[in-house]
Amino acid sequence: AHSRWCALGHAWAGAIMDGAAPTPPPPPPPMVQAGWLFSGRPAAPAVVAPPMEVPPPPPALQPGASGGMGGLPFSPWAGGLDFGEGAWPPQVDWSTPAFSSAGPPHRSAPAPTSPPSEWPPSAAAPVDEWAPPGWASGGLGGGGALGASSIGASPGLPLAKTGILGPQVACAPALKKRKLCIHFDAGACLRGVECNFAHGPHELMVGSMDADYAKRPKTTSIDFAGLDHSGRASRSFNVPKPQVSILMTDALRDLLSEVTGVSEVQWDRERARAVLVGNPAQLDKATGLLQRATVHCQWGLSEQKIRSVFRPRTDYRSARLRFSPMSPAMKECTTSLTEGRPQMSIGSEASNTLRIKGATVSRTHAVVELEQRKGAVYVCDMSTNGTFLNGRRLPPKASGKVMLSHGDELLFQDPTAPGGHEFGYMVNIEMS
Numbered sequence: 001a002h003s004r005w006c007a008l009g010h011a012w013a014g015a016i017m018d019g020a021a022p023t024p025p026p027p028p029p030p031m032v033q034a035g036w037l038f039s040g041r042p043a044a045p046a047v048v049a050p051p052m053e054v055p056p057p058p059p060a061l062q063p064g065a066s067g068g069m070g071g072l073p074f075s076p077w078a079g080g081l082d083f084g085e086g087a088w089p090p091q092v093d094w095s096t097p098a099f100s101s102a103g104p105p106h107r108s109a110p111a112p113t114s115p116p117s118e119w120p121p122s123a124a125a126p127v128d129e130w131a132p133p134g135w136a137s138g139g140l141g142g143g144g145a146l147g148a149s150s151i152g153a154s155p156g157l158p159l160a161k162t163g164i165l166g167p168q169v170a171c172a173p174a175l176k177k178r179k180l181c182i183h184f185d186a187g188a189c190l191r192g193v194e195c196n197f198a199h200g201p202h203e204l205m206v207g208s209m210d211a212d213y214a215k216r217p218k219t220t221s222i223d224f225a226g227l228d229h230s231g232r233a234s235r236s237f238n239v240p241k242p243q244v245s246i247l248m249t250d251a252l253r254d255l256l257s258e259v260t261g262v263s264e265v266q267w268d269r270e271r272a273r274a275v276l277v278g279n280p281a282q283l284d285k286a287t288g289l290l291q292r293a294t295v296h297c298q299w300g301l302s303e304q305k306i307r308s309v310f311r312p313r314t315d316y317r318s319a320r321l322r323f324s325p326m327s328p329a330m331k332e333c334t335t336s337l338t339e340g341r342p343q344m345s346i347g348s349e350a351s352n353t354l355r356i357k358g359a360t361v362s363r364t365h366a367v368v369e370l371e372q373r374k375g376a377v378y379v380c381d382m383s384t385n386g387t388f389l390n391g392r393r394l395p396p397k398a399s400g401k402v403m404l405s406h407g408d409e410l411l412f413q414d415p416t417a418p419g420g421h422e423f424g425y426m427v428n429i430e431m432s
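Numbering (the working numbering), first residue to last: 1 to 432.
Be aware that one or more of the hints could be misleading.
Unchecked claim - Have a look at the derived ranges for each label pair, beta carbon to beta carbon:
{"hint": "1", "residue 1": "Cys171", "residue 2": "Thr249", "range": "54 to 62 Å"}
{"hint": "2", "residue 1": "Ala233", "residue 2": "Val259", "range": "16 to 24 Å"}
{"hint": "3", "residue 1": "Val206", "residue 2": "Val259", "range": "43 to 51 Å"}
{"hint": "4", "residue 1": "Ile246", "residue 2": "Gly340", "range": "31 to 39 Å"}
{"hint": "5", "residue 1": "Ala251", "residue 2": "Gly375", "range": "16 to 24 Å"}
{"hint": "6", "residue 1": "Val259", "residue 2": "Ala174", "range": "50 to 58 Å"}
{"hint": "7", "residue 1": "Lys331", "residue 2": "Arg311", "range": "31 to 39 Å"}
Claimed, not checked - Derived DSS-like pairs (lysine-lysine); straight-line CA-CA distance at most 30 Å:
{"hint": "8", "residue 1": "Lys285", "residue 2": "Lys374"}
{"hint": "9", "residue 1": "Lys357", "residue 2": "Lys241"}
{"hint": "10", "residue 1": "Lys285", "residue 2": "Lys401"}
{"hint": "11", "residue 1": "Lys401", "residue 2": "Lys241"}
{"hint": "12", "residue 1": "Lys285", "residue 2": "Lys241"}
{"hint": "13", "residue 1": "Lys176", "residue 2": "Lys241"}
{"hint": "14", "residue 1": "Lys357", "residue 2": "Lys401"}
{"hint": "15", "residue 1": "Lys401", "residue 2": "Lys331"}
{"hint": "16", "residue 1": "Lys241", "residue 2": "Lys374"}
{"hint": "17", "residue 1": "Lys397", "residue 2": "Lys331"}
No lab work stands behind these hints: they were computed from the structure.
Heads up, the beta-carbon is just placed ideally off N, CA and C, and yes, glycines get one too.
Sequences and hints are given; from them, build the entire structure.
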């Protein structure tokens, strides 16, 4: 475009020197108007261009005018035109050139019209309404969609900062981003359309937020019950020495702290003592769990039994029990305990679920019960001569019941008596 304009200027100058009638050159290419390029730098014409009347700026763009350019850090009308990205290009009408016989050809331009009362102009607005060519919703500094020049803001300042926002337009799929720009909402993004992040949800890829959330690690809720230090105290609990090796482990210590909320649990294995630190409510709960665990472990010591005491399973709805006889003279029995039928009885009467005969067997010798609230099966001694679990006699029915675990030995005669160690059953339990 520059070369074409230079060639036209040389031809026009030569025609004047030859005495030919002065003929105005054709209009310049669309990219050159009034001798200036849209890039912000003056085009170098081949000949001295005739003077051009530059119309005054609209009132809205006068320096210091409200809503105009007075509040910005530059003024295109102070000390000459500043044709940068924020300059106001003069609107020159090249279609009606005016010539003067007294001098060289002279072109005049009509004054620009006043700004519209609202922006953006409506579709029914007249064609001569004031519409800045550089007004774009993508911000300044990176080039707008409607032109290379912008009005009303300094280069690089987003329109969100100036309070001038046009309607959001659909974003091409190839231009969509995966993450939002954290500076755009605050009006501090200086990259405009060149920003690598989305300037609004309409510029986000479909499913990008779901993909980001899927990559995040899974989290669990935190229990802050142990942070209550009001009335903090310590308490010690003595553990039976045969249970020290099974009870005093790191895994069970962490489980006890998690369930009760105590701030600290110390195992003193040499003294067979547990030291608990927490508030009174936490200490009472931890002491109660340790007391239950150590009592039930007197009739069979296992880590699984201790875990069942510390954190019982409350989702069990039934228990399938199989009694395998230890003596050939006894018969096998399989039964199930459910919500509707939580108990079974063992004795010499025919009404019992498991009927056994013997000189030391009572009519109702023992009762086996499923407790869903505690997630376990318990056995209670109802006899006169006693019921033995894992070689140890059960307490009388007035004292309570003992947890029955998978693999326990349930005897109905003193194991020290002749043949007593075989007069009973191996218990198999399946919880569901």
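Here is what the structure says about each hint:
At roughly 59 Å, the beta carbons of cysteine 171 and threonine 249 sit within the given window of 54 to 62 Å. Checked against the hint of 16 to 24 Å, the pair alanine 233 and valine 259 passes, with Cβ atoms roughly 19 Å apart. Taking the beta carbon of each, valine 206 and valine 259 are about 45 Å apart, inside 43 to 51 Å as hinted. Distance hint check: the CB atoms of isoleucine 246 and glycine 340 are about 36 Å apart, consistent with the given range 31 to 39 Å.
Under the hint 16 to 24 Å, the C-beta atoms of alanine 251 and glycine 375, about 19 Å apart, fit the expected range. Separated by about 55 Å at the C-beta atoms, valine 259 and alanine 174 satisfy the suggested range of 50 to 58 Å. Restraint check, lysine 331 to arginine 311: a C-beta distance of roughly 37 Å satisfies the suggested window 31 to 39 Å. Distance restraint check for lysine 285 and lysine 374: the Cα-Cα separation of roughly 15 Å lies within the 30 Å cut-off, and the hinted pair is therefore satisfied.
The straight-line distance between the Cα atoms of lysine 357 and lysine 241 is roughly 38 Å, outside the 30 Å bound, and the hint therefore fails. Among the hinted pairs, lysine 285 with lysine 401 is consistent with the structure: their alpha-carbon atoms are about 21 Å apart, no more than 30 Å. Of the pairs offered as hints, the one joining lysine 401 and lysine 241 holds, with about 23 Å between alpha carbons and a cut-off of 30 Å not exceeded. Of the pairs offered as hints, the one joining lysine 285 and lysine 241 holds, with about 22 Å between alpha carbons and a cut-off of 30 Å not exceeded.
A threshold of 30 Å between alpha carbons decides the hint, and for lysine 176 with lysine 241 the separation of about 69 Å lies outside it, so the pair is violated. Taken as a hint, the lysine 357 and lysine 401 pair is honoured in the structure, with Cα atoms around 23 Å apart against an allowance of 30 Å. At roughly 25 Å between alpha-carbon atoms, lysine 401 and lysine 331 fall within 30 Å of each other, so this suggested pair holds. Restraint check for lysine 241 and lysine 374: satisfied, since their Cα atoms lie roughly 26 Å apart, inside the 30 Å limit.
Of the pairs offered as hints, the one joining lysine 397 and lysine 331 holds, with about 26 Å between alpha carbons and a cut-off of 30 Å not exceeded.
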